[in-house]
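*Asks:* Respectively, the protein sequence lines represent chains A and B.
Per the numbering used here, the very first residue in the first sequence carries number 1; after that it's consecutive.
Per the numbering used here, the very first residue in the second sequence carries number 1; after that it's consecutive.
If you are wondering where the hints come from, they were derived from the structure by calculation, not from laboratory data.
For glycine and all other residues, C-beta sits at the position ideal for the given N, C-alpha and C.
Warning: the hint list may mix true and false statements.
Unchecked claim - Across the chosen pairs, the derived CB separations fall in these ranges:
| # | chain 1 | residue 1 | chain 2 | residue 2 | range |
| --- | --- | --- | --- | --- | --- |
| 1 | A | Leu-50 | B | Glu-126 | 53 to 59 Å |
| 2 | A | Tyr-522 | B | Ser-19 | 28 to 34 Å |
| 3 | B | Glu-126 | A | Lys-290 | 26 to 32 Å |
| 4 | B | Trp-47 | A | Tyr-522 | 21 to 27 Å |
| 5 | B | Tyr-102 | A | Pro-124 | 55 to 61 Å |
| 6 | B | Glu-126 | A | Lys-427 | 39 to 45 Å |
| 7 | B | Ser-93 | A | Glu-499 | 49 to 55 Å |
| 8 | A | Arg-283 | B | Trp-47 | 53 to 59 Å |
| 9 | B | Leu-139 | A | Thr-39 | 35 to 41 Å |
| 10 | A | Leu-198 | B | Trp-47 | 34 to 40 Å |
| 11 | B | Trp-47 | A | Ile-140 | 32 to 38 Å |
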Amino acid sequence: MSTATATHHQDDHHAEHPTGIMRWLTTTNHKDIGTMYLTFSLIMFLLGGLLILAVRAELFQPGMQVMQPEFFNQLIGVHALIMIFAALMPAATGFANWMLPLQLGAPDMALPRLNNWGFWLLPPAAILLLAPFVLALLGIGDGAVATGWTFYAPLSVQGGIGTDFAIFSVHLLGISSVMGSINVLVTIFNMRAPGMTLMKMPIFAWGWMITAFLLIATIPVLAGGVTMLLTDRHFGTHFFDAAGGGDPILFQHLFWFFGHPEVYIVLLPVWGLIPHILTTFSRKPTYGYKAQVYSFWAIGILSVVVWAHHFFTVGLPTPALLYFMYSTMSISLPLAVLFFCWIATMWRGSMTFETPMLFTVGWIILFGIGGLTGLVLADVAADAQYHHSYFVVAHFHYTLFAGGIMGIMAGVYYWLPKMTGHMYNEKLGKLHFWLTTIAFNVTFIPQFFLGLAGMPRRIPDYALQFSEFNMISTVGAFVLGLSQLIFVYNVIRTVRGGEKATDKVWESSVGLEWTLPSPPPYHSFSEQPVIK
Amino acid sequence: MATSIVDYKVVARPNHSMSRKETFRVIAVLAIFSLSIATAFSLLGAWLVFPFAGLELLALAYAFHIVLCHADDYESITISGDRLAIEKQHYKSTSQVVLNRYWAQVVLKETPGGEHRLWLRSHDKEFEVGRFMSDRQRLVVASQLKMRTGAVYQGAI
Chain A
1 MSTATATHHQ DDHHAEHPTG IMRWLTTTNH KDIGTMYLTF SLIMFLLGGL
51 LILAVRAELF QPGMQVMQPE FFNQLIGVHA LIMIFAALMP AATGFANWML
101 PLQLGAPDMA LPRLNNWGFW LLPPAAILLL APFVLALLGI GDGAVATGWT
151 FYAPLSVQGG IGTDFAIFSV HLLGISSVMG SINVLVTIFN MRAPGMTLMK
201 MPIFAWGWMI TAFLLIATIP VLAGGVTMLL TDRHFGTHFF DAAGGGDPIL
251 FQHLFWFFGH PEVYIVLLPV WGLIPHILTT FSRKPTYGYK AQVYSFWAIG
301 ILSVVVWAHH FFTVGLPTPA LLYFMYSTMS ISLPLAVLFF CWIATMWRGS
351 MTFETPMLFT VGWIILFGIG GLTGLVLADV AADAQYHHSY FVVAHFHYTL
401 FAGGIMGIMA GVYYWLPKMT GHMYNEKLGK LHFWLTTIAF NVTFIPQFFL
451 GLAGMPRRIP DYALQFSEFN MISTVGAFVL GLSQLIFVYN VIRTVRGGEK
501 ATDKVWESSV GLEWTLPSPP PYHSFSEQPV IK
Chain B
1 MATSIVDYKV VARPNHSMSR KETFRVIAVL AIFSLSIATA FSLLGAWLVF
51 PFAGLELLAL AYAFHIVLCH ADDYESITIS GDRLAIEKQH YKSTSQVVLN
101 RYWAQVVLKE TPGGEHRLWL RSHDKEFEVG RFMSDRQRLV VASQLKMRTG
151 AVYQGAI
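Just chain A, with the same shape it has in the complex (with noise of 0.2 Å):
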């Protein structure tokens, strides 16, 4: 007698493919899904850095130079949606797609045909969101939101249809991260490689998980809040309105409650991303991996009960503001866990500076900036003085761009050469990188001392007190915004060929997508990976 007992993911849903403009239309396979995820983030992140150099472009000098107030106030919420909605979070999906099957030993997502429809909704959402520039100029509404991306009340109750489009792209993109967080949630509960227990899961799985969990618990506070907002315009509910009884503050928690997450929800990915380079190129296992995993938890926790601090200033009673000082400023400890580890890491490692190393590391100092500058936000008193002004605008993009979109750099160039097969050009890549890391700070370096000195934030004009260092911020944001074009020529250089990179790519990368040829192929794992 002979009898066998074999154990392996289901995998018939597309056992072939279509080709063409089909194959993306109707793919179902994670690694299109991610590559169309990471191309829109891409072109929208172009697009959303063209809509800011115009606003600079209207900053480099006081008094209005080339735009009407109105517009300047659509391009600066229009950027804001475009570059945490439509790039960031697309970005983070992107990477979710591509390397979460590939690293849990998986052939697939899960769910692969709700992957598809989650991709698919976001190009709507963002004609949606930039429609109302196009409809303005044939004569039709006044533009697109001119609200920022906060939407407060009563000012988005009183909006122009461009706020109409606005909360209806935020619905979508909002179905849209729903989605995907419930395919990476069953996909990491459920299609992990025999063997990987969830302590013995790359800490990449690990972020998106709390990521998704983040997702899940706040998506429908937004939703629930623009549909509010959206019925007090057209439907004559005062849930906003002091006069008919609402209370606009109420918004403020509403946005807010899910606002603050949204930073978490951009950074863990992101988090658990940089683990990998920092092993791969400083040639040490992960320093504190269940420190991490713990301190990831501890923040998605927190980041849910301190969103008050956003607005400190509206007049909430004592111990209100005492709580969400004292809860914002101890995120600081699981986050100061984070640096512990990830310098650990590199402690007495046998280090190379790679671009993805060299994006690391500056995201590392970079990020630090953002996390310190906000623990001066979070003080009560020192925020009465800095609130609504640079100083604000200056720390978020630390926290964002810095934190957020060059930690994503950094995946880019470490997982680009498994994804194409191809080696990116690393001269390129470090001259992207130094031209990236020095124009952002030429950009925004000035802005902490103009918030300091008491510029206020989404003005047109200014007091002439402020030009100089305007005048620098613009300069830099141009370097900023043409040094991206580097990244994008180089990424389309290795699309298209270039030196074949190895399976393994790095000498010291560890994890199951580097046991996979370069670029994988279709269907990722015909065999079943066992962990041991």
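Go by the hints and put chain B onto chain A.
*Replies:* For chain B alone, coordinates are given in the frame of chain A:
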């Protein structure tokens, strides 16, 4: 030679790294978390958060439900005596087909992607097997079945 002893048996199941109990725990934790938030905001007047939280949890539960529905799926091929039995469980339905071992043919076809699909054929009917097997496993099972079925097996007697 007819005998009731099982000569060959292979069982293939999909990989599931989480048990039913753990799945319920994950859904429960998320539901408690999300509904607590929705309740708190509803009490503050923002009741529109509640339907969104509910819809989202329904979608989450449904996603896990789809996966759980297939947690017990399996395929087995059993050869005993002159019987070759193919048993499949898909969702909650179990089906069994019995072929005559001496008439059964093993059919292996290569897909455009370079992988192989495996069928057992008898009397103008084909039954695909190996959905839960890797390509290598399908090839191994195909060669094992070829040695135990049809003319080859008869010749071996």
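*Asks:* Please go over all the hints and tell whether each is borne out by the structure.
*Replies:* For each hint, the structure was consulted:
1. A:Leu-50 <-> B:Glu-126: 53 to 59 Å: With Cβ atoms ~58 Å apart, the hint holds.
2. A:Tyr-522 <-> B:Ser-19: 28 to 34 Å: 31 Å, holds
3. B:Glu-126 <-> A:Lys-290: 26 to 32 Å: 52 Å, violated
4. B:Trp-47 <-> A:Tyr-522: 21 to 27 Å: 47 Å, violated
5. B:Tyr-102 <-> A:Pro-124: 55 to 61 Å: This hint holds: roughly 60 Å between Cβ atoms.
6. B:Glu-126 <-> A:Lys-427: 39 to 45 Å: Violated, since B:Glu-126 and A:Lys-427 (Cβ atoms, about 58 Å apart) do not stay within the stated range.
7. B:Ser-93 <-> A:Glu-499: 49 to 55 Å: Check passed, 53 Å falls within 49 to 55 Å.
8. A:Arg-283 <-> B:Trp-47: 53 to 59 Å: 55 Å, holds
9. B:Leu-139 <-> A:Thr-39: 35 to 41 Å: 37 Å, holds
10. A:Leu-198 <-> B:Trp-47: 34 to 40 Å: 36 Å, holds
11. B:Trp-47 <-> A:Ile-140: 32 to 38 Å: At roughly 34 Å between Cβ atoms, A:Ile-140 and B:Trp-47 fall inside 32 to 38 Å, so the hint holds.
When held up to the earlier numbered hints, the structure conflicts with 3, 4, 6 and fits the remainder.
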